[in-house]
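S.K.: Construct all of the structure, not just a fragment, from the sequences and the given hints.
From first to last, the protein sequence lines are chains E and U.
For the first sequence, counting from 1, position 59 maps to 59 in the working numbering; every step adds exactly one.
For the second sequence, counting from 1, position 80 maps to 80 in the working numbering; every step adds exactly one.
These are computed hints drawn from the structure, not numbers from a lab.
Please read all numbers here as calculations on a predicted model, not as lab measurements.
Note that CB positions come from ideal geometry on N, CA and C, so glycine has one too.
Don't take each hint at face value.
[What the hints assert, rightly or not] Label pairs and their computed distance ranges (CB to CB):
no.: 1; chain 1: E; residue 1: SER46; chain 2: U; residue 2: ALA128; range: 43 to 53 Å
no.: 2; chain 1: U; residue 1: VAL51; chain 2: E; residue 2: LYS37; range: 21 to 31 Å
no.: 3; chain 1: U; residue 1: VAL51; chain 2: E; residue 2: PRO74; range: 46 to 56 Å
no.: 4; chain 1: E; residue 1: LYS11; chain 2: U; residue 2: ARG139; range: 26 to 36 Å
[Unchecked claim] Think about it this way: if two alpha-carbon atoms lie no more than 30 Å apart in a straight line, the pair counts; the simulated DSS-like pairs of lysine-lysine are:
no.: 5; chain 1: E; residue 1: LYS59; chain 2: U; residue 2: LYS87
no.: 6; chain 1: E; residue 1: LYS64; chain 2: E; residue 2: LYS52
no.: 7; chain 1: E; residue 1: LYS37; chain 2: E; residue 2: LYS59
no.: 8; chain 1: E; residue 1: LYS72; chain 2: E; residue 2: LYS37
no.: 9; chain 1: E; residue 1: LYS67; chain 2: U; residue 2: LYS87
no.: 10; chain 1: E; residue 1: LYS67; chain 2: E; residue 2: LYS37
no.: 11; chain 1: E; residue 1: LYS37; chain 2: E; residue 2: LYS64
no.: 12; chain 1: E; residue 1: LYS52; chain 2: E; residue 2: LYS11
no.: 13; chain 1: E; residue 1: LYS66; chain 2: E; residue 2: LYS52
no.: 14; chain 1: U; residue 1: LYS87; chain 2: E; residue 2: LYS66
no.: 15; chain 1: E; residue 1: LYS72; chain 2: E; residue 2: LYS52
no.: 16; chain 1: U; residue 1: LYS87; chain 2: E; residue 2: LYS11
no.: 17; chain 1: U; residue 1: LYS87; chain 2: E; residue 2: LYS37
no.: 18; chain 1: E; residue 1: LYS66; chain 2: E; residue 2: LYS37
no.: 19; chain 1: E; residue 1: LYS72; chain 2: E; residue 2: LYS11
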Amino acid sequence: MSAQAEHPRHKLNELVHSPVRFSIMAALAKAESLDFKDLRDAIQVSDSVLSKQLSILEKAEFVKIKKSFAGKFPRTSASLTGTGRNVWAAHLQSLREIAGG
Amino acid sequence: MSAAEARELLARADSLGASSINAAAWPVAVMFTSLAIMGSLLMIGMHIVLVGGYGAALLACSVGAWGAITASVWPMFQRSTKVGFTKRFLTSLLGYFALYVVALVVGAYFFRDGNLWFYIPAAIALAAIGLAAAFRELRA
Chain E
1 MSAQAEHPRH KLNELVHSPV RFSIMAALAK AESLDFKDLR DAIQVSDSVL SKQLSILEKA
61 EFVKIKKSFA GKFPRTSASL TGTGRNVWAA HLQSLREIAG G
Chain U
1 MSAAEARELL ARADSLGASS INAAAWPVAV MFTSLAIMGS LLMIGMHIVL VGGYGAALLA
61 CSVGAWGAIT ASVWPMFQRS TKVGFTKRFL TSLLGYFALY VVALVVGAYF FRDGNLWFYI
121 PAAIALAAIG LAAAFRELRA
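M.R.: In structure tokens form, the structure reads like this:
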């Protein structure tokens, strides 16, 4: 008697599944890197919310944050790490499996 | 989670991914279009000035060097880019300037007194590679 296959919802990544972090991952997935302001405008959250959620994703090593200066102005950009891209791809795959029935 | 919710999330991911990088390609497209215009104008200008004997090769070299420096420094300030931007940008930029240098050297060496049969195709080739690079970034 074979074991019943695990439902794909169990494979969803809890860290990525929260709405704001899901949006951050979705926006960064199609970009090599995104400016903080462009990312904030794309997912329509406040600076503080974005900062907090980016820190969580950075701690999980899904996102890389780069800080630099353009003249006197600080510039922050974010990009997905290799791990982040793999986790995102697996998360989308699980969603597709759920969507498929 | 239901299948409908999963489909909704997938659609949202697609839409967010596309909207986040919507504007990212335009600055690069504008830059390569400018290079296309600059290179082609210079090729025609080079022909005209060579006929008049004003050392146009020097002009084209200095403008080309200026263009190469500007084009290399400018992207360092661009923070939002599409996936694969670095590779696409470098190959397009190197392709453009390699053709520019070849056109310049061949023109200065073999067609010192001007020759529209060389300079017009060179102008078209530079315009074509610049515009191709611009469209390549827009469609990526």
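S.K.: Indicate, hint by hint, whether the structure satisfies it.
M.R.: Taking the hints in turn, this is what the structure says about them:
1. A beta carbon spacing of about 46 Å between E/SER46 and U/ALA128 agrees with the range 43 to 53 Å that was offered as a hint.
2. The hinted range of 21 to 31 Å is not satisfied by U/VAL51 and E/LYS37, whose Cβ atoms lie roughly 51 Å apart.
3. Restraint check, U/VAL51 to E/PRO74: a C-beta distance of roughly 53 Å satisfies the suggested window 46 to 56 Å.
4. Look at E/LYS11 against U/ARG139: about 33 Å separates their beta carbons, and that is inside 26 to 36 Å.
5. Annotation: proposed proximity of E/LYS59 to U/LYS87 holds, straight-line Cα distance about 28 Å (limit 30 Å).
6. About 14 Å separates the Cα atoms of E/LYS64 and E/LYS52, which keeps this hinted pair within 30 Å; it holds.
7. Restraint check for E/LYS37 and E/LYS59: satisfied, since their Cα atoms lie roughly 21 Å apart, inside the 30 Å limit.
8. Taking the CA atoms of E/LYS72 and E/LYS37, the gap is about 17 Å. The hint holds against a cut of 30 Å.
9. A distance of roughly 22 Å separates the Cα atoms of E/LYS67 and U/LYS87; the hinted pair therefore holds under the 30 Å criterion.
10. Restraint check for E/LYS67 and E/LYS37: the C-alpha separation of about 13 Å stays at or below 30 Å, so the hint holds.
11. Using a Cα cut-off of 30 Å, the hinted pair E/LYS37 and E/LYS64 holds, with the two alpha carbons roughly 16 Å apart.
12. Only pairs whose Cα atoms come within 30 Å are accepted, and E/LYS52 paired with E/LYS11 is accepted, the gap being roughly 25 Å.
13. For the hint pairing E/LYS66 with E/LYS52, the CA-to-CA distance comes to about 15 Å; that is within 30 Å, so the pair holds.
14. Between U/LYS87 and E/LYS66, the direct Cα distance comes to roughly 19 Å. Compliance with the 30 Å bound is thereby established for this hinted pair.
15. As the CA atoms of E/LYS72 and E/LYS52 are separated by approximately 24 Å, the hinted pair is consistent with the 30 Å bound.
16. Straight-line distance between C-alpha atoms of U/LYS87 and E/LYS11 comes to about 33 Å, which puts the hinted pair past the 30 Å bound.
17. The hinted pair formed by U/LYS87 and E/LYS37 meets the criterion: a straight-line CA distance of about 24 Å does not exceed 30 Å.
18. Straight-line distance between C-alpha atoms of E/LYS66 and E/LYS37 comes to about 13 Å, which keeps the hinted pair within the 30 Å bound.
19. For the hint pairing E/LYS72 with E/LYS11, the CA-to-CA distance comes to about 45 Å; that exceeds 30 Å, so the pair is violated.
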